[in-house]
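Going line by line, the protein sequences match chains A and B.
Start counting the first sequence at 1; every next residue gets the next number (this note's numbering).
Start counting the second sequence at 1; every next residue gets the next number (this note's numbering).
Treat the hints with care, as some may be off.
[Claimed, not checked] Which bits of chain B does chain A cover? Going by a derived footprint, with three or more residues having C-beta under 8 Å, they are: (1) 6-16; (2) 74-84; (3) 99-108; (4) 112-120.
Simulated from the structure, these hints should not be mistaken for laboratory data.
Cβ coordinates follow ideal geometry from the N, Cα and C atoms, glycine included.
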Amino acid sequence: MKQIALSRPSLPELESKSRWLALLMLAIGLHVFEASLPSLGPWFKPGLANLVTLLALVLMGQRAAVTLAIGRVIVGSFFIGTLFTPTFIISMAGGLTAALVMIAAWRWIPGISLIGVSLLGALVHMLAQFVTVEFLFIQQAALYYALPPLLVISCISGWINGALAEYIAGRLGHE
Amino acid sequence: MFEALKGTWTDRLLLLVSLAAIMAGWIMIQAYVSSGPAMAEIYHADTLVATYPLPQKGEPPIHLQVEGELGLSEIVIDEQGARIASSPCATQRCVLSGPHRHAGDMVACVPNRILITLRGHAESGFDAIVE
Numbered sequence: 001m002k003q004i005a006l007s008r009p010s011l012p013e014l015e016s017k018s019r020w021l022a023l024l025m026l027a028i029g030l031h032v033f034e035a036s037l038p039s040l041g042p043w044f045k046p047g048l049a050n051l052v053t054l055l056a057l058v059l060m061g062q063r064a065a066v067t068l069a070i071g072r073v074i075v076g077s078f079f080i081g082t083l084f085t086p087t088f089i090i091s092m093a094g095g096l097t098a099a100l101v102m103i104a105a106w107r108w109i110p111g112i113s114l115i116g117v118s119l120l121g122a123l124v125h126m127l128a129q130f131v132t133v134e135f136l137f138i139q140q141a142a143l144y145y146a147l148p149p150l151l152v153i154s155c156i157s158g159w160i161n162g163a164l165a166e167y168i169a170g171r172l173g174h175e
Numbered sequence: 001m002f003e004a005l006k007g008t009w010t011d012r013l014l015l016l017v018s019l020a021a022i023m024a025g026w027i028m029i030q031a032y033v034s035s036g037p038a039m040a041e042i043y044h045a046d047t048l049v050a051t052y053p054l055p056q057k058g059e060p061p062i063h064l065q066v067e068g069e070l071g072l073s074e075i076v077i078d079e080q081g082a083r084i085a086s087s088p089c090a091t092q093r094c095v096l097s098g099p100h101r102h103a104g105d106m107v108a109c110v111p112n113r114i115l116i117t118l119r120g121h122a123e124s125g126f127d128a129i130v131e
């Protein structure tokens, strides 16, 4: 009888997967929590779920960050009942674009810390949401009238989230 | 505690450049939307559906219904500003956001593809409401 050789995952591999899953659960929880907060403006959120994407990037690498950004939007939208709605599409565009820009900033901007990476992520997250709405749903440049004050708030939230990410990454042993 | 919020020189430079760009954009947008009389513009997707002057104090409110992607959105424009009074969308965030009254403000219902923007400055006696 032919035997199928099953390779068992190594302990570091299992540890890495469980760490990613723990971050995903945290990101989903924060995604749902943010959705239940009172609206601070059109599409504005404090960006706590994005903070987890940043942590995944620093602790586990760019692939983990991108898959986490996609996973938390899909599963989080499932929980709050917005799966495949315009809200889902806007969240996905914002989360994914922010993840990609944070990866690029972390890799290629010399001297940047997690604060600067988070700042860029927050700004791009907001911009990507407006561009998505204008491109897919309401084709009016008038949408952008409301953008500048929201970008200022994004600067503040991105900076604070970056400082939080620095602190958490430091506590988790990232050099 | 404040030490943790300082960031590197690169971070601070990025913040400075970002804020400068945002402020420049904000000033340009405000200069554009603040000209002319106070008006509410109502859009559905890529179409300008209607433009109304904001009512002065004592003038009757304007009620209108706009057909969107999901159904009818009821819009009220009165001396407090413009708002979506009812909407067929699930989240009702557009309704909950209440009246908006400053030039550059907007009320958007993305699922129903309805947008209300406010622009212009008011005649005398209305400056406190629409800037």
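How the hints compare with the structure:
1. Counting residues of the stretch 6-16 of chain B whose beta carbon lies closer than 8 Å to any beta carbon of chain A gives 7, which meets the minimum of three for the stated coverage.
2. Check on the stretch 74-84 of chain B: 0 of its residues sit with their Cβ under 8 Å from a Cβ of chain A, so the three-residue criterion for coverage is violated.
3. Under a criterion of three residues with beta carbons nearer than 8 Å to beta carbons of chain A, the stated coverage of the stretch 99-108 of chain B is upheld, 4 such residues being counted.
4. Evaluation of the coverage hint for the stretch 112-120 of chain B: fulfilled, as 5 residues show C-beta separations to chain A shorter than 8 Å, against a requirement of three.
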